[in-house]
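A.B. asks: Protein chains in written order, with the UniProt record's numbering: chain A, 1 to 488; chain B, 1 to 124; chain C, 1 to 422.
No lab work stands behind these hints: they were computed from the structure.
Treat the hints with care, as some may be off.
Below are the DSS-like pairs computed for lysine-lysine, each with C-alpha atoms no more than 30 Å apart in a straight line [as the list claims (entries may be wrong)]:
| id | chain 1 | residue 1 | chain 2 | residue 2 |
| --- | --- | --- | --- | --- |
| 1 | B | K122 | A | K480 |
| 2 | C | K76 | B | K122 |
| 3 | C | K239 | C | K182 |
Partner residues aside, some chain C positions facing chain A, computed with beta carbon under 7 Å [claimed, not checked]:
| id | residue |
| --- | --- |
| 4 | S102 |
| 5 | G106 |
| 6 | R147 |
| 7 | P210 |
| 8 | P275 |
Computed from a predicted model, the values in this text were never measured in an experiment.
Don't be surprised by glycine CBs; every beta carbon is placed ideally from N, CA and C.
Take a look at the letters that make up each chain.
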Amino acid sequence: MTKQADVVVIGGGITGTAVLHELAKYNLRAILVEQEPELAAGTTKANSAVLHAGFDAPEGSIKARMNVEGNKLYHDLKDELDLQIRWSGSFVVAMDDEQMAVLRDLLKRGQDNGVPGLEIWDGDAVRKSEPNVSKDIKGALWAPTAGICWPFGLALAFAENAVVNGAEILRECTVTDIIVEQGAVKSVETDQGSIETKYVINAAGIHADEISHLAGDNSFAIHPRKGEYILFDKTAQKNLVYSPIFPTPTKMGKGILVCATTHGNVFVGPNAQDMNDDEKDNTAVTISGMDETLEKARRLVPNIPVGAAITEFAGVRAVSSTGDFILGPSKITKGLIQAAGIQSPGLTSAPAIAKYLTDAIVREMGAVKKSDYKKGRPAQPCFRMLTNADQRALIAKDSRYGRVICRCETVTEGEIVDAIHRPVGARTVDGVKRRTRAGMGRCQGGFCGPRVIQILSRELHIPITKVRKEMKKSYMFYDKETQSGGKA
Amino acid sequence: MGIEMKQLNCINCPLGCLLMVELTDGKVTKVTGNTCPRGESYAYQEMTDPQRMLTSTIHIEGGALPLLPVVSQKTLPKDRILDCAAALRGITVTAPVKAGDVVVTNILGLGIDILASRDMDKRQ
Amino acid sequence: MDEQWYDIIIVGGGPAGLSAAYSAWMQGAKKILVLERDREVGGILQQCIHNGFGLHHFKEELTGPGYAQRCYDLVKDKKEIEILVDTMVLNINNDKIVTAVSPKYGLIKIQGKTVILTMGCRERTRGAIRIPGYRPAGVFTAGAAQRMVNMEGYLPGKKIVILGSGDIGLIMARRMSLEGCKVQAVLEICPFSNGLTRNMVQCVYDYDIPLYLSHTITAIHGKDRVTGITAAKVDEHMKPISGTEFEIDCDTLLLSVGLIPENELSRELGLTMHPLTNGPIVDQHRETSIEGVFAAGNVVHVHDLVDFVSEEAEIAGKYAALKAMGKMEGNVTDVRVEAIDEVRTCVPQHIRIGKGETIRLFMRVRKPMKRVRLTVKSGVNMLFSKVLPVAKPSEMIAADIPAAKVNGHYTDWTVSVKEEEA
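With the rest of the complex left out, here is chain A (with noise of 0.2 Å):
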């Protein structure tokens, strides 16, 4: 089966989903391909989840212009597309008088980038702010523009909306190859069949490289760099920090800091190992990873909740061969536009990202936006978050939403169906887990597992042997032997 696009947009994290809800607000047919059953199923699920204010890419770097106005645009954005983001602001911490003297430089930094309200503040008034920091800190970079959000629903925000508007996602879809004739882009092969296109964005994350391969670009590598997480449970140390503390940054990144989720759950992380190319999706945690992150985090916070994790997991960073993030049109072949080497501040950067590309192509097209475009998304309702008036209402209207399948976050079944049978609806546990929060608790899914799974069995129409937990082969449980003959 062959398709037909204008663009088609490789890669479903957030870049992907940032650049394809661009690109249906005009009236270009845009396709997203995603190898995974659910979107931002890579670098973009397991993060820090902080929006950068943007002093920490040089002066005059892609990534410092990018950073600057995608945090801009995500103060207006949340709004509109109803986004899971806290505007926390963030303190960069020193311990000593020289790094004090590097937090001076990141202020004058990011002064020159244009990030509005920086200042410097001596230790008392960090911890008058947040009083759980180390009595060893002296001072702190604050940046009031800096905030914290669920980069999945952010994601899932985007390709909402976009899929609401008409673009396309085409979910468990590998590319095969990208054919180029005459050095322009012809069509983009994938397992589900081939898709026609004039272009092409490569948002393949850490994978980027291989498709700009397949594309006939060699210019550029990706290099993987792992980053652990631990993530603690809400109920224990609520309130630990209100901002993300991060420790003065260094060559290997801005190191290990201590946070709190928009929904409340204080996590700490990530440490940063360079990996071998041939292990880009080395996702694994390790002993000396989580002792290193633990150790790293006390030194800024000392009361974290050690006994209280909930979950540990491992992010890896698309590191470029060229320092900075690669974007725009290729030099080798027509068609082509680069979205790699998006590493941090990568989440904070898309919607900025997304506008500098869709602008390219809508000005080479000539393009016009969409007479009916619909701004936001359809609503989502969550239970845990209504007055009982509202709770009320709702189960009369749906009784679903008075059953709670997920007792230790309150998600209701009609939540669960929701969000199977939303834009871009979940297709596997995790994907309920990251839209609901079922699962996502104290006991990690040891209840509402098993229900969870019935329900997506049942909404789907497939067998419980068929649902998955988050990647394509993920499958969770097995037919029972039976005996034949069946008599005893």
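Using the hints, position chains B and C against chain A.
C.D. replies: Relative to chain A, chains B and C alone:
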């Protein structure tokens, strides 16, 4: 055959005595390590004719739940437990069922019935 | 349903909740409500299809569902006892107003003269014990897998490794063997098993399953589905010893690494909690730090025998009923009960001594020991002293202090277990 020594964990009480059993030509001739007489009789039983209860599930047609838990009426020879469990995997009964109902008569000709562990009503 | 009041509202319809309801009814309470979140009552027993339950309480060996059936038969068809299933309690406030939700009745708010908390416990997870490696499908808590196998009819896998020798893990080792699966190993980080001896024998040794004591998992392999694990021996600090690693081929890892009382409602209500039991602090009537709020069963401390759960719940049911009917003895002296020496926890944590009654204490010890002396003292006065041939962390110890010994001993009590000199 001669004399042979075997170790056994007594399961009669939380003490969990480690029993040393002396076998002569396959017959128990001496038990040591036990604290009470129950240990000795357990060792004899375990060495001559070990027995186990069997619990499993069978399919139930039209029941409120898809499976019915079942239990053997009495103990079964230990070496036939896996055969009996395999045989039960092929069994289906029809709801309703009451706790104690016989769901399989004389399993594998061993003279023991298999009983429902609980009531199972028809699906509403 | 709304705006109703009850003598007693019981949160959770497992063995504790049902036993409490029956006991309250026996005491003469007229309006008793049991709220159960699952599709039927019986709690975790419904998936524990093995036998070995009820020898103390029903004087008969029963299966889990059989035990649940007995408990249910005692309370069903009694007009004073109302049972709502498929109903989740969202909140309990200081005035004992319970907010609950169900598809049938919607959001309801009901008032109890007393409330009994019987929410049971949950399993510790992979995250809580920080197992390194990938996060593929095929890692389950033993209880979640047990529900799928015994109630829904699916297997979690074919080649199984079990981490932890808690009773659920051991029971699942046998269960998977009976289902035709291969159990490759049971790994236990402690130098001793954490399950009952009879489960070790009948679930592990019977099926020739290798048991590795002082071992843990240092990596889980497989990106989509578990393909194996790396095991390693641990030192006396439970840290893996480098160089001792070996691989075990499996498609499934079941975790049986402990149970934690399920006390989110209790914490929100503001009950004083005990840091070691992870349950509310209770007196001998199982009344918590808030008057009229009682708690019993695994929500107070994790039990190894359901029989003791029922017994404790009957105490709570009885005194909640007396309280609701205004018949509770008022003139009492509050005395602390402190666990010392090798006693890790003791329930109740305090007692109110009035006219006098026999008090049963439940204890758990810190480590396995042979030949220990258990003593209960009030100041220097010996109230109870007994030699036990064996004491294990996995097996709760019960001791009855006769009423004659209880009376008048208002100095704080200490409960001690010490190894006897040879």
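A.B. asks: Give a verdict on every hint.
C.D. replies: Evaluation of the provided hints:
For the suggested pair B/K122 and A/K480, the alpha carbons sit about 23 Å apart, so the restraint of at most 30 Å is met. Among the hinted pairs, C/K76 with B/K122 is consistent with the structure: their alpha-carbon atoms are about 18 Å apart, no more than 30 Å. About 28 Å separates the Cα atoms of C/K239 and C/K182, which keeps this hinted pair within 30 Å; it holds. Nearest Cβ of chain A to the Cβ of C/S102: about 5 Å, under the 7 Å cut. The hint holds.
Look at C/G106: its Cβ gets to within about 4 Å of chain A, closer than 7 Å, so that hint holds up. A least Cβ separation of about 5 Å between C/R147 and chain A falls short of the 7 Å threshold, and the interface hint therefore holds. Hint on C/P210 is violated. Least Cβ distance to chain A is approximately 22 Å, over the 7 Å limit. Given the 7 Å rule on beta carbons, the hint for C/P275 is violated: about 10 Å separates it from the nearest Cβ of chain A.
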